[in-house]
Amino acid sequence: MSKNTVSDRFRKVDVDEYDENKFVDEEDGGENQGGPDEAEVDGLLRQYPSATGGPEGLGARERPGGERAELLVVKVLSSFKSSDIEKAVGSLDKAGVDLLMKYIYRGFEKPSDNSSAVLLQWHEKALAVGGVGSIVRVLTARKTV
Amino acid sequence: MAYHSFLLEPISCHAWNKDRSQIALCPNNHEVHIYKKDGTKWTKIHELKEHNGQVTGIDWATDSNRIVTCGADRNAYVWTLKEGTWKPTLVILRINRAARCVKWSPKENKFAVGSGSRLISICYFEQENDWWVCKHIKKPIRSTILSLDWHPNNVLLAAGSCDFKCRVFSAYIKEVEEKPGPTPWGSKMPFGELLFESGGSEAAAQTSAGGGGGWVHSVCFSHSGNRLAWTSHDSTVSVAEGGKTGMLTSLSSETLPLLCVTFITENSLVAAGHDCYPVLFVYDGAKGGLTFGGKLDVPKQAAQKGISARERFQNLDRRASESQSTDKDLNTLHKNSISQISVLEGGRNQCTKFCTTGMDGGMGVWDVKVTLSLIVRFWL
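Taken in sequence, the protein lines are chains A and B. Quick note on the UniProt record's numbering: the first sequence kicks off at 1 and runs consecutively. Quick note on the UniProt record's numbering: the second sequence kicks off at 1 and runs consecutively.
Errors might be hidden in some of the hints.
To be verified - One-sided and incomplete, this derived list gives chain B residues near chain A with beta-carbon spacing under 7 Å:
no. : residue
1   : 62
2   : 85
3   : 140
4   : 213
5   : 233
6   : 234
7   : 253
8   : 254
9   : 256
10  : 337
FYI, nobody ran anything at the bench for these hints, they're computed from the structure. Backbone N, C-alpha and C fix where the C-beta goes; we use that ideal spot for every residue, glycine too.
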């Protein structure tokens, strides 16, 4: 009996892996969607300098994935004039505001030069429209942007 | 609106007796206390001590005057009043995780217990053995069941779960009842049959339709049983209508997540949660839309006094804002999250009074006419 208790290799076994009732998350992360076309968005920006086309255009593509999209969104958001932010947020529907909030928080995660200040302005305006509910939806969302 | 503070601890769960003169509640420990109304005061008349873990659910069967309690000790007890004291009977649930919620069926011949073992136990009394027996509904539940509600036909059961879905099951027990007639939710109802599941494949196309958003905290059937409402942790409230039309509407609210919901008429719901005040929602069956009706807790307007310059500087120094009170001061009736809501009078189709209990240890009784008229005045 004492021989069995010498080895403690059993402690390295992950018993949860062998549990047949284990919860397996079915949701796909939506990471394979193509991001918005950079050129297309740049074109839109040039066409409408005080563009409302930015977040809306991205909202139409449901789950653009990856870092490229995120940098792009931050770039678009930074290009807006401060006075136009409120109008732009006002033109979005509920789903758009939620999507905007998701991108804002993603942008917060990786701050670059002036991005946080701009994002904070966007955050304030989006919060006024979406309320704390939109932030809760960012936190509970299972498909991350 | 009346408010009574029972304890300093959160009230985990509560249940009322038939004439609403007694309330059974769990003061966040292993016991259940029953209070009786004495005019405006509440006096404790019974203490039910049998559970070894926190009592997570209480339901009072109003007609047969029995109480069922379930707890974190994986047990449920059915209490009957004998000679002035409540005597418990153990019900073996055969679960290996804590029980989370319990509800008597409308005819009070069975009750359902939701648990962390990812299953629902439907318990009924077997006459021959003088013993409560239970059957399990397992598939396709994948996580803890947080809330349950029975359909008026005594067979269908709605369950809200931590796997982000709200489902309707059949809990038909052939030993205690006859076969039920068809309903808008389905006509074939063998035990354990799944008749409805929210957040199906169509949710993939709508990012904001609450598909896969959050734990379903609370479910509620309407009085007719044709509508089902549930609140989810992603701050949404949804209503589904049974039948081929199968409409599912969600409203993403601007508030913090709602923890409890109940229908007060066939078209309107009251929900409450972490924002500490009840909220009204109106459902339009024809258009299939859910709209926000108003906040039901209208605070008394604080008297606006002039603030001296010195006070302004002090406030600026302390709070970075010049006003006396920030809007984080809670001027709501409940001072902490509301965890449970129950209809007191009028049933779910013409509710005139409902009651809320919360984590502040208090119970609020709300008069529907009064609170609705306050909203109208507020918005005018």
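Against the structure, the hints:
1. 62: Residue 62/B check fails; min Cβ-Cβ to chain A is 36 Å, beyond 7 Å.
2. 85: 41 Å, violated
3. 140: Hint violated; residue 140/B Cβ to chain A Cβ min 11 Å, cut 7 Å.
4. 213: 6 Å, holds
5. 233: 6 Å, holds
6. 234: OK, holds: residue 234/B within 7 Å of chain A, min 4 Å.
7. 253: 5 Å, holds
8. 254: 3 Å, holds
9. 256: 6 Å, holds
10. 337: 14 Å, violated
When held up to the earlier numbered hints, the structure conflicts with 1, 2, 3 and 10 and fits the remainder.
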